[in-house]
Amino acid sequence: MPGKAGDRHRQGQSGPSGGKAVPPRPAKAVSKKRDEDVSTEAGEGVDEWILSKTLVKPPDQLELTEAELKEEFTRILTANNPHAPQNIVRYSFKERAYKPINYVDQMAIHFSLNGNMIPKDSDEGRRQSSRLSIAAEKAPVETSAVTSEEAEIKDEENTGDIQATEKEEAEELGTAEVAEAAEAEEPPPPRVKEQKLANQFNFIERASRTLNNPMQERACQSEPTPCKNFSATANQWKIYDAYVEELQKMERSKEKEKSRVQVAKSEEVKKNGRKSTSLESQSDDITKISKAAKIMERMVNQNTFDDITQDFKYFEDASDEYRDQQGTLLPLWKFQCDKTKRLAVTAICWNPKYKDLFAAGCGSYDFTKQGQGMLLLYTMKNPSFPEYVFSSESGIMCLDFHSDHPYLLAVGFYDGNVAIYSLKKATSQPSYKSSAKSGKHTEPVWQVKWQKDDVDNNLNFFSVSSDGRIVSWTLVKNELVHTDVIKLSVEGTTMQGPEELQLQTFGSGTSFDFHKKIDYLFLVGTEEGKIYKCSKCYSSQFLDVFEAHHMAVDSVSWNPYHLKVFISCSSDWTVKIWDHTIKTPMFVYDLNSAVGDVAWSPYSSTVFAAVTIDGKAHVFDLSINKYEALCTQLVVAKKKNKTTHIQFNPVYPIVIVGDERGHVISLKLSPNLRRIPKEKKGQEVKKGPEVEIAKLEKLLNLVREPESKAGK
Amino acid sequence: AEVEETLKRIQAHKGVIATIVMNAEGIPIRTTLDNSSTVQYAGLLHQLTMRARSTVRDIDPHNDLTFLRIRSKKHEIMIAPDKDYLLIVIQNPCE
Chain E
1108 MPGKAGDRHR
1118 QGQSGPSGGK
1128 AVPPRPAKAV
1138 SKKRDEDVST
1148 EAGEGVDEWI
1158 LSKTLVKPPD
1168 QLELTEAELK
1178 EEFTRILTAN
1188 NPHAPQNIVR
1198 YSFKERAYKP
1208 INYVDQMAIH
1218 FSLNGNMIPK
1228 DSDEGRRQSS
1238 RLSIAAEKAP
1248 VETSAVTSEE
1258 AEIKDEENTG
1268 DIQATEKEEA
1278 EELGTAEVAE
1288 AAEAEEPPPP
1298 RVKEQKLANQ
1308 FNFIERASRT
1318 LNNPMQERAC
1328 QSEPTPCKNF
1338 SATANQWKIY
1348 DAYVEELQKM
1358 ERSKEKEKSR
1368 VQVAKSEEVK
1378 KNGRKSTSLE
1388 SQSDDITKIS
1398 KAAKIMERMV
1408 NQNTFDDITQ
1418 DFKYFEDASD
1428 EYRDQQGTLL
1438 PLWKFQCDKT
1448 KRLAVTAICW
1458 NPKYKDLFAA
1468 GCGSYDFTKQ
1478 GQGMLLLYTM
1488 KNPSFPEYVF
1498 SSESGIMCLD
1508 FHSDHPYLLA
1518 VGFYDGNVAI
1528 YSLKKATSQP
1538 SYKSSAKSGK
1548 HTEPVWQVKW
1558 QKDDVDNNLN
1568 FFSVSSDGRI
1578 VSWTLVKNEL
1588 VHTDVIKLSV
1598 EGTTMQGPEE
1608 LQLQTFGSGT
1618 SFDFHKKIDY
1628 LFLVGTEEGK
1638 IYKCSKCYSS
1648 QFLDVFEAHH
1658 MAVDSVSWNP
1668 YHLKVFISCS
1678 SDWTVKIWDH
1688 TIKTPMFVYD
1698 LNSAVGDVAW
1708 SPYSSTVFAA
1718 VTIDGKAHVF
1728 DLSINKYEAL
1738 CTQLVVAKKK
1748 NKTTHIQFNP
1758 VYPIVIVGDE
1768 RGHVISLKLS
1778 PNLRRIPKEK
1788 KGQEVKKGPE
1798 VEIAKLEKLL
1808 NLVREPESKA
1818 GK
Chain C
17 AEVEETLKRI
27 QAHKGVIATI
37 VMNAEGIPIR
47 TTLDNSSTVQ
57 YAGLLHQLTM
67 RARSTVRDID
77 PHNDLTFLRI
87 RSKKHEIMIA
97 PDKDYLLIVI
107 QNPCE
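Heads up: the protein sequence lines correspond to chains E and C, in order. Residue numbers 1108 to 1819, in our numbering, belong to the letters of the first sequence in order. Residue numbers 17 to 111, in our numbering, belong to the letters of the second sequence in order.
Simulated from the structure, these hints should not be mistaken for laboratory data. Check before you lean on any hint, since a few could be wrong.
Below, a list of computed lysine-lysine pairs in the PhoX-like style, where the Cα atoms sit at most 25 Å apart [stated by the list, open to error]:
#1 C/Lys-30 <-> E/Lys-1420
#2 C/Lys-99 <-> E/Lys-1356
#3 E/Lys-1448 <-> C/Lys-30
#4 C/Lys-99 <-> E/Lys-1395
#5 E/Lys-1395 <-> C/Lys-24
#6 E/Lys-1805 <-> E/Lys-1690
#7 E/Lys-1637 <-> E/Lys-1671
Chain C with its partners taken away, still in its complex shape:
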């Protein structure tokens, strides 16, 4: 569908290393990375997202986490969380 196309475009975009889609429990549904790395990323980022969301909502329950962007020396991890899923994109922003 449209979403598939969008995901394909994201993956084909310049600098994008991997795309991972996880469900609410942290189990990867769809990934473009190899299995072991996916599992590792999934586990770690799931926890981090839960923590981040908890932090935001603790401060103000009306609020909610919309995005999480982690920029490291080598690349940038972008996480789009939702109630039912988690979308992760790892990109190498060309600098």
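The following block holds chain E by itself, in its conformation from the complex:
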């Protein structure tokens, strides 16, 4: 140890002779410190005498010459910090250049200690002292010592922070001593309970946790109520329907209240009603379709016979203009039924209410071939199948619709019976039928005609037959009661029978017709060719007799407009028009063939049509051509078939012709046949029955005058 100290000393001596402290010689700077240390240590005067004179040369000592050894190096002691940089250069943005900084901070801090001492007079200091004073009350001695020491420390603190290292070292030593003393005295005070200050630095968090009950989920699901989707549209008509139903319910309930009076009967009726309804519901639903099916059939037919339907409705033969006055008959539908193939159409009649419905009675004119009869009702809307079919045991010879009750048909049979068919009833049997008991004819009934209801409002009709009787049948309490109206006795044929009895032979009535206006007046045509004008009131005598034809009078018919005129046709090939006041016919037409039927047209007083056995239909218009037919047309196949009857449709320009094969052919009248005569210019076109009457009257006058002259 001493050796080292000597070295230091020597180096220390040579050291100060040096000049500035040069960084390449850090050893010298260090040696300075060591010198100082040594000096302090020397201050204690311990190591000075240990200096030895023995020179120990380190091996690498610098060899210097004497002159160099004596060279004096000046060393200056400055307060400069040797570690501080000497040439700091800073970039100046202002001058855009590096500039050296002149002043460099030379302070070197050797030691720094952040103290946690607080001034005694400050708030915190006072608080602390107060705290300590509370503790000091119990241990006053120690606290005073402590405070005094603290005061010393504080005093020294107050002198300033920038002090020489020496002083700090001294303080450190001092404080270390003081601290030791203080520590010895400290243990006793902690015995006292100290109030714990709650300051922000002394934060304690304390938490506790409650017991959480374990959660358990429990669910229950109920059965879902049955849901059904319903959607509807509230239309106006649905609302209307609902209201109507309500109304009906109310009405029904009212009726039920009323009907409770009649207990027994109503119950029966109700039971029956219920039964029928239940039956209906049980039966196949198909039956409900009956109406629609019917109409559908008609629609289908309409489609099939589309062109005919169009013709019927719209076609007007344009060529009539070029045909002068001639007209044509356009064939439309042909109505036929399989069952009537062997039967001839013996009667046709239009329904007064439904203008498209007509009845065709089928039987046979042949005496030898008598069989069944059929009654068919066709509608123009359905040409392929009849609407109603009735079959009978004997052939039907004539039929007539009741004008007021269009569902009632009076029918005359070949066997002399008459019957009434009701279309409302579903059965194919007649509703009422005469029998031998009830006074049927003994010969075929050739014509039946409904009359107005009699005094007691019973239905009644007339029939004429070959047995010479004209009988009035009345429907009294569901039975046909007959009354002989007239017996056609042939004049001058009373024979002297045995025992001087007078036997009357009767003429055979073949047709009759009642006057439209004069109720009691009617005409009867006979097989002998005579036409009797009769009255219902006189049962034995005729009002008048016309020697009309040579053969049987097939048909007589009053003119629908003119009150005096009637027409008759016969198998003697002629058609005659009469004025019933004059014995001789007004007009006579020879048609070259036996005339089966003649009919007036409903729209004109001067138009009529006739059919002949050879299958031709003739249409006449007296106002246009008095002598010739406007149209003569072959309606059916000539040799195989014969036309038997003809009828005009009351509304449409249609005629139907029945033939011997059971067919009914409908024909449309061309415009020429339907012409209304043009009035002279300036005069109004009059319409109505008066016009028709006047028209015919005019014609008749033309014919009549020469007649009357001739008569005179």
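Since the structure of chain E is provided, determine the placement of chain C on it from the hints.
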């Protein structure tokens, strides 16, 4: 019954292709056509009829649909509706 006869006659008529009878819900009860076609026709025409009826009645609730006739190039469909049923006839009108 009579209705059966009428339907038979319709079916036998010239040009008629098919006849279908449906109930109020549009389910075919009776048909003369094969199954798939029937079902197709039934569904489509049922809807159309309902629509047509709705139209007619909306305009005037007193009124009601009586018939529906659809004419196409190839044939004509005729529908007769009612409260409880629907009758359809498909015909080829010979032209």
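Q | Enumerated hints in conflict with the structure, sorted upward | A | As far as the earlier hints go, not one is violated by this structure.
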